[in-house]
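**Student:** Spelled out, the chains give:
2 protein chains.
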Amino acid sequence: MNKRIAVLPGDGIGPEVTAVAVQVLKKIGEVFDHQFTFEEGLVGAIAIDETGNPFPDETLQLCQSADAILFGAIGHPKYDNDPTAPVRPEQGLLAMRKALGLYANIRPVNTFKALADASPLKREIVEGVDFVVFRELTGGSYFGKKGRSDDRLSAYDTCTYTHDEIYRITKLAFEAAAKRRKKVTLVDKANVMETSRLWREVVQKYAAEHPEIELELMFVDNAAMALIQNPRRFDVILTENMFGDILTDEASVITGSLGMLPSASVGNQVALYEPIHGSYPQAAGQNIANPMAAVLSAATLLETSFNLMAEGKIIRHAVEEALNFGYVTKDINPDKFMSTTEVGQKICDFI
Amino acid sequence: MNKRIAVLPGDGIGPEVTAVAVQVLKKIGEVFDHQFTFEEGLVGAIAIDETGNPFPDETLQLCQSADAILFGAIGHPKYDNDPTAPVRPEQGLLAMRKALGLYANIRPVNTFKALADASPLKREIVEGVDFVVFRELTGGSYFGKKGRSDDRLSAYDTCTYTHDEIYRITKLAFEAAAKRRKKVTLVDKANVMETSRLWREVVQKYAAEHPEIELELMFVDNAAMALIQNPRRFDVILTENMFGDILTDEASVITGSLGMLPSASVGNQVALYEPIHGSYPQAAGQNIANPMAAVLSAATLLETSFNLMAEGKIIRHAVEEALNFGYVTKDINPDKFMSTTEVGQKICDFI
Ligand SMILES: [Mg+2]
Ligand SMILES: [Mg+2]
Numbered sequence: 001m002n003k004r005i006a007v008l009p010g011d012g013i014g015p016e017v018t019a020v021a022v023q024v025l026k027k028i029g030e031v032f033d034h035q036f037t038f039e040e041g042l043v044g045a046i047a048i049d050e051t052g053n054p055f056p057d058e059t060l061q062l063c064q065s066a067d068a069i070l071f072g073a074i075g076h077p078k079y080d081n082d083p084t085a086p087v088r089p090e091q092g093l094l095a096m097r098k099a100l101g102l103y104a105n106i107r108p109v110n111t112f113k114a115l116a117d118a119s120p121l122k123r124e125i126v127e128g129v130d131f132v133v134f135r136e137l138t139g140g141s142y143f144g145k146k147g148r149s150d151d152r153l154s155a156y157d158t159c160t161y162t163h164d165e166i167y168r169i170t171k172l173a174f175e176a177a178a179k180r181r182k183k184v185t186l187v188d189k190a191n192v193m194e195t196s197r198l199w200r201e202v203v204q205k206y207a208a209e210h211p212e213i214e215l216e217l218m219f220v221d222n223a224a225m226a227l228i229q230n231p232r233r234f235d236v237i238l239t240e241n242m243f244g245d246i247l248t249d250e251a252s253v254i255t256g257s258l259g260m261l262p263s264a265s266v267g268n269q270v271a272l273y274e275p276i277h278g279s280y281p282q283a284a285g286q287n288i289a290n291p292m293a294a295v296l297s298a299a300t301l302l303e304t305s306f307n308l309m310a311e312g313k314i315i316r317h318a319v320e321e322a323l324n325f326g327y328v329t330k331d332i333n334p335d336k337f338m339s340t341t342e343v344g345q346k347i348c349d350f351i
Numbered sequence: 001m002n003k004r005i006a007v008l009p010g011d012g013i014g015p016e017v018t019a020v021a022v023q024v025l026k027k028i029g030e031v032f033d034h035q036f037t038f039e040e041g042l043v044g045a046i047a048i049d050e051t052g053n054p055f056p057d058e059t060l061q062l063c064q065s066a067d068a069i070l071f072g073a074i075g076h077p078k079y080d081n082d083p084t085a086p087v088r089p090e091q092g093l094l095a096m097r098k099a100l101g102l103y104a105n106i107r108p109v110n111t112f113k114a115l116a117d118a119s120p121l122k123r124e125i126v127e128g129v130d131f132v133v134f135r136e137l138t139g140g141s142y143f144g145k146k147g148r149s150d151d152r153l154s155a156y157d158t159c160t161y162t163h164d165e166i167y168r169i170t171k172l173a174f175e176a177a178a179k180r181r182k183k184v185t186l187v188d189k190a191n192v193m194e195t196s197r198l199w200r201e202v203v204q205k206y207a208a209e210h211p212e213i214e215l216e217l218m219f220v221d222n223a224a225m226a227l228i229q230n231p232r233r234f235d236v237i238l239t240e241n242m243f244g245d246i247l248t249d250e251a252s253v254i255t256g257s258l259g260m261l262p263s264a265s266v267g268n269q270v271a272l273y274e275p276i277h278g279s280y281p282q283a284a285g286q287n288i289a290n291p292m293a294a295v296l297s298a299a300t301l302l303e304t305s306f307n308l309m310a311e312g313k314i315i316r317h318a319v320e321e322a323l324n325f326g327y328v329t330k331d332i333n334p335d336k337f338m339s340t341t342e343v344g345q346k347i348c349d350f351i
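Going line by line, the protein sequences match chains Z and P.
For the first sequence, full-length UniProt numbering begins at 1 and goes up steadily by one.
For the second sequence, full-length UniProt numbering begins at 1 and goes up steadily by one.
What the hints contain is simulated information worked out from the structure, not anything from laboratory work.
Idealized CB from N, CA, C, for every residue including glycine.
The calculated label-pair distances, taken between Cβ atoms and stated as ranges, are:
id	chain 1	residue 1	chain 2	residue 2	range
1	P	Pro334	Z	Arg123	17 to 23 angstroms
2	P	Pro108	Z	Thr84	31 to 37 angstroms
3	Z	Val87	P	Gln204	17 to 23 angstroms
4	P	Glu214	Z	Asp117	30 to 36 angstroms
Each computed DSS-like pair below joins lysine-lysine, with the alpha-carbon atoms no more than 27 angstroms apart:
id	chain 1	residue 1	chain 2	residue 2
5	P	Lys78	Z	Lys205
6	Z	Lys78	P	Lys182
7	Z	Lys3	Z	Lys26
8	Z	Lys205	P	Lys146
9	P	Lys113	Z	Lys122
10	P	Lys336	P	Lys113
11	Z	Lys113	P	Lys122
12	Z	Lys98	P	Lys146
13	Z	Lys145	P	Lys145
14	P	Lys98	Z	Lys145
15	Z	Lys146	P	Lys98
16	P	Lys98	P	Lys171
17	P	Lys122	Z	Lys336
Just chain Z, with the same shape it has in the complex (with noise of 0.2 angstroms):
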């Protein structure tokens, strides 16, 4: 097989553990002998220090070009805490979203055996937990309006949300739920939100000509509590963009397993992968960032994207393997650990 990847490293960890993910991509075309190509594109901070622009054209071409793209994360300090900055890395990986027309944002939760005692929860709450949250991607307030009063001393957001909009997602979440559980939880805040208001109304009518799925009506605030207390309750969490940025990484450390965690963006064409867990500066160059992530997203960038199953079948295993040897970083395991670059070299090691 031949295939073009783009490989977005961004910022953070992002280059330390997007290169672990090549190294296994590539150990993998070794083994199966695909021919992968991959090319490296600029995105957020370090795209905005070479060219000031958090999402180059150049970028942007190349991923309209590949066959899949394989991003690392976004995001550094010197932009947060300054509110006067005019560009900032994340405007990159929003713009990114709405320039792909990536959508839907995907999240398997899953608690991994070997780090079920890493949960803060309790054990007999997170063992067993498998949900997947869609999470809509470019609309709602991140993309909306906004702006501030002249004298700058009031400022505004907008949310909105087409029909169209909340119906393809909703597809999605309801095709992912026929062949899991059969139940999606619509999150929303229906009771406040006019934009919330529409979501149920496309939603239920969807639910209504697919009798086969059960569709639940929470609340976000509901929703957040119900995630600690009865995280087995979930099947599909279909929801609107922020109330899924804040689900997805409440949801993320209930498994005890945030380094673990991949993710895929989809939609209209190439799809995206990418983990979770954001650029974590602190620990950027000190190969000592987690890589499973980001391994395991080039799992399922090799499964979703280019239907190779087996393949990604034996790179889960690697990284299970990895766990169950105790060859880890120090995320997971502070008394004994390795860096990231062996634990890549250990996961290699097992294909």
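Since the structure of chain Z is provided, determine the placement of chain P with the ligands on it from the hints.
**Tutor:** Relative to chain Z, chain P with the ligands alone:
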């Protein structure tokens, strides 16, 4: 002392738990020889049923002429799942906050020793948790302009904030921190929201003038994680309306004591006290709801609005005694429990 207390039982379990709180206040009145007058008003779904208005003028006048307000809960499922309902119970809550200028919701979160094992989190994570959330209550998306396109296929909500709205609650939060562990965590999404950037500007300026208080900046998705991973790190959390809605509910379950948590809503004139658990319609009318949060709200009312510190302390002590003796409702101990009214009587007996 002569005081008029407006009592708004509201919906769901509101009337049952409020009745216990009133009973406790009456007992305090007898023991300490205070003249508390209680006058009931309609609010929420029951007010819609009886008057068509979730916050009738009569209730507003009652509140404005009272020295403090004891509130139950608002909300009924028949409205939640009907996106076309023209009037909603929650509008009563929002109208009440606006009309009374209740701009800050204050929610202490702390672990009760007798309940540490009731938490879904591991004991070592929740032990010693003691923070308070200052949630802005009258701005943001819930109150902003909202609507639909003519074809009803697109919807919007507007989040707005002004310098003054942010400043007044910032002042309260910093004053509270000064009496506590001297740390304020501002939770926002300043990397993508313009309103969040205004929050940072105002709060950072205030913090620069109050160097004795440490200011920490945190994104809302990170805060949703940190509340689970390390809740002891927080002292005072300061945040906008919607983020506060989500995070306070998340925070309420980490201690395993959702039925135990009171809250205060303060503003320019009269203050309002309520349990945070909401109307919980599944339990309504069954005499099974936990009245302790309503009772602790009454204690906070005495302390905060009437400066009756000894009386408040005696109520808190009575609640702890009831907990220690196992005089609790089903939510606290499903194996051995009492009814709402029985627990209320036990608390009164301890006074
Ligand atoms: Mg996030
Ligand atoms: Mg809430």
